[in-house]
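Sequence lines, in order, name chains D and W.
Residues in the first sequence are numbered consecutively from 53, following this note's numbering.
Residues in the second sequence are numbered consecutively from -10, following this note's numbering.
Take the hints with a grain of salt, since some may be wrong.
To be verified - Here are some chain D residues the structure puts well away from chain W; computed CB gaps all over 10 Å:
1) F63
2) V96
3) L119
4) P123
5) A124
6) Y126
7) D149
8) A182
9) L234
10) Y247
11) E263
12) R270
13) H279
As the list claims (entries may be wrong) - Partial pick of chain D residues on the chain W-facing surface, computed with a CB cut under 10 Å:
14) L61
15) A128
16) V131
17) S167
18) C168
19) V179
20) V251
21) L255
22) S284
23) F286
24) I288
25) E290
26) L292
27) F293
Unchecked claim - Just so you have them, the derived chain W footprint on chain D, three or more residues with Cβ under 8 Å:
28) 69 to 82
29) 109 to 116
Treat the hints as calculated values from the structure; they're not laboratory data.
Where is the CB? At the ideal position from N, CA and C, for every residue including glycine.
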Amino acid sequence: MASIQGTILDFRRLEELAGGDTALHRLDARAKVLSTLAYLLAVVSFDRYALTALFPFFLYPVAILSLGGLPAGYFARKVALILPFALAVGMLNPLFDREVMVRLGPIGVTGGWISCGSIVVRAALTVSAALVLVGVTGFPEICRALERLGAPQAFTVQLLFLYRYIFVLTEVGGRSSRARELRSFGGKGLGIRSYGSLVGHLLLRTWMRAERIHMAMRARGFTGEFHTTAQSRFGIRELLFLLCWSTLFAVLRLRNVPQFLGALVTGPPG
Amino acid sequence: MHMADALLSPAVGGAMWAASSGTIAYCSSKVRKELDDRKVPLMGVLGAFLFAAQMINFSIPGTGSSGHLGGGLLLAILLGPHAAFLAIASVLVVQALFFADGGLLALGCNVFNLGFFPALVAYPFVYRKIAGERPGHARVTVAAVVAAVAGLQMGALAVVLQTVASGISSLPFPAFVALMQPIHLAIGIVEGLATAAIVSFVRKARPDILQATVEAPKGGRHPFRNVLLAFLAAAFLAGGILSWFASGNPDGLEWSIAKATGKTGIAWREPGIHRTLAALQERFAFLPDYSFRKSPERRSESAGAGPGRQVSDARNREEGGRIGTTVSGVIGGLISLALVFLAGFLLKKRSRDA
């Protein structure tokens, strides 16, 4: 991670977006979590050589982006940051899979290149779906949805606690790290010795913070549950949302829409 | 070494989700039984600490590069295996959602690779065995390095197995292993040294923190645990079988035959046995497949339907076999997901009744 401060800012931004108040934001989180899962399953279930058939699936993140009033450029940048990693993994495919699959005039395209492209497209689709889910739902709501879908309470409480203190501790950690960098010279003092005591101190402070939180919790009668004021329920709108998207995903998975569209333009193949 | 959604098949993803959910449920019940409510905020805050610590680098002498903590082993040393597993899993959930590290479907794999191995295997069976009750500095260092290396090697191997079983990447198993294991040997040594540095510091400053985990009360034996272990074993078994189906031996065989006989335009024109088999398959298929009825040209879904495009017969044949496995993969994935939530629902009900 290049800059700790930058990472925190980025993190904050995504959280702030989730505070929006569109119809999508108001939808019960369970509907959004489940339709995202249906989406991911549909995308990853494609054959490794599927490339164009995946394209219609961009519809989902794009639709959510626009319906949720999220800034498309911001999400596009975040997705673009991931793509080099996907490409790095996919780049090995052309080395091992050299059979020519498709001929476009004189150019033979090997299976490896097609599956490499497929990996990159898959990465873009799955990453954008996850980011958009957070942008339109918010992490605490996702945790509550998981709990209402049957995740153990100890785990969801852990998720919420973690989320509450990430901002606090990353900022403390970022400050310590910057202080050490400012005091080091020519790479001196950045080794494992100073690291051990720096992170050790951070750990001890964290530990004492946890003890304070525990006492505060006890004083307020915490029973292991986070309460919310707004109680959403899984109503007809949620059901419709989930059903419509799942049906669309099923259709897109089973019928190769781009091929159909292509055939309309070029005439039936063969 | 986060596993990514883009490399995953639904069958492998679903099976690993089942395994990880089972482990989360098991660890949750364990943590609840410990009845130490100090641990609730401690786990959360230490998860957040891990986040912060992962951002702080230290320079590695002689290489010019820098390393940072993974932290699975450190959390296990501080919190004990079960609480540590939950904390690592929660960190991975946040990473998947906010930083797109891995992905949501790959979460099952990542929780298993980065949580299960260091916290529930390397810590109890390697670190504790070497470190003993009251270890000195040298002993802590050796134990941490060996345990970190062991945990990361297992995790890296799991990544390779999951990727190969998914069959999206065409990287062959030996090449992938030869790539992953040495890299993670180096990462493991760095991780172990960093862990040892922090543990040694804590041991000097607040030895009581480390002692508390060693002396943590053992949860009483319970039939519930056996049920969960059985569930886990079943998930593994299902995972193995499903993955085997997903990557498909017959499929791979056909592939290698196509490759061995060479060129692109290899002919499978004999009308005999293959056609009969295909007809049989069509008649008896559990999920009669839409694509058998299409013309070969339309059946292959790769690339746009441009004119002058030729697709080899071998490929078409392969596709016919593969589409069957992907559909069954989806069904398999859905079934395992349904099972996960059913299990979660039952567990929740159980814990309410108790």
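How the hints compare with the structure:
At the 10 Å boundary, the C-beta of F63 of chain D falls inside the reach of chain W, the nearest C-beta of that chain being 6 Å off. Not every beta carbon of chain W lies more than 10 Å from that of V96 of chain D, the smallest distance being close to 5 Å; the non-interface claim is violated. L119 of chain D, annotated as away from the interface, keeps every beta carbon of chain W farther than 10 Å; the closest lies near 19 Å. Listed as a non-interface residue, P123 of chain D keeps its Cβ farther than 10 Å from every Cβ of chain W; the least gap is roughly 16 Å.
With a closest Cβ-Cβ approach of about 16 Å to chain W, A124 of chain D is found to remain outside the 10 Å limit, as its non-interface label requires. Every CB of chain W is more than 10 Å from the CB of Y126 of chain D (nearest about 13 Å), matching its label as outside the interface. The Cβ of D149 of chain D sits about 4 Å from the closest Cβ of chain W, inside the 10 Å cut-off, so the non-interface label is violated. For A182 of chain D, the shortest C-beta to C-beta distance to chain W comes to about 5 Å, within the 10 Å cut-off, and the non-interface label is violated.
Every CB of chain W lies more than 10 Å from the CB of L234 of chain D, the least distance being 14 Å, so the non-interface label holds. Not every beta carbon of chain W lies more than 10 Å from that of Y247 of chain D, the smallest distance being close to 4 Å; the non-interface claim is violated. Not every CB of chain W lies more than 10 Å from the CB of E263 of chain D, the least distance being 7 Å, so the non-interface label is violated. For R270 of chain D, the requirement that its beta carbon stay farther than 10 Å from each beta carbon of chain W is not met, with the minimum near 8 Å.
With 10 Å as the threshold on Cβ separation, the claim that H279 of chain D sits away from chain W holds: the shortest Cβ distance comes to roughly 15 Å. Interface hint status for L61 of chain D: violated, as the beta-carbon distance to the closest one in chain W is roughly 12 Å, over 10 Å. For A128 of chain D, the shortest C-beta to C-beta distance to chain W is roughly 13 Å, which exceeds 10 Å, and the interface hint is violated. For V131 of chain D, the shortest C-beta to C-beta distance to chain W is roughly 8 Å, which falls under 10 Å, so the interface hint holds.
A cut of 10 Å between beta carbons decides the hint on S167 of chain D: the least distance to chain W is about 6 Å, and the hint holds. Given hint, C168 of chain D at the interface with chain W, holds; its Cβ is 9 Å from that chain's nearest Cβ, closer than 10 Å. Because the closest C-beta pair between V179 of chain D and chain W is about 4 Å apart, less than 10 Å, the hint holds. Interface restraint check for V251 of chain D: the shortest CB-CB distance to chain W comes to about 5 Å, inside 10 Å, so the restraint holds.
A least Cβ separation of about 6 Å between L255 of chain D and chain W falls short of the 10 Å threshold, and the interface hint therefore holds. Taken as an interface hint, S284 of chain D does not check out: its beta carbon lies about 19 Å from the nearest beta carbon of chain W, beyond 10 Å. Interface restraint check for F286 of chain D: the shortest CB-CB distance to chain W comes to about 14 Å, outside 10 Å, so the restraint is violated. Interface hint at I288 of chain D: violated, since its Cβ lies 22 Å from the closest Cβ of chain W, which is beyond the 10 Å cut-off.
About 17 Å separates the beta-carbon of E290 of chain D from the nearest beta-carbon of chain W, more than 10 Å, and the hint is not met. Annotation: interface hint on L292 of chain D violated; nearest CB of chain W at approximately 21 Å, more than 10 Å. Hint status for F293 of chain D relative to chain W: violated, with the closest Cβ pair at about 18 Å, above 10 Å. Under the rule that three or more residues need a Cβ within less than 8 Å of chain W, the assignment of the region 69 to 82 of chain D is violated, with 0 such residues.
Requiring three or more residues with a Cβ within less than 8 Å of a Cβ of chain W, the coverage given for the region 109 to 116 of chain D is violated, as only 0 such residues are present.
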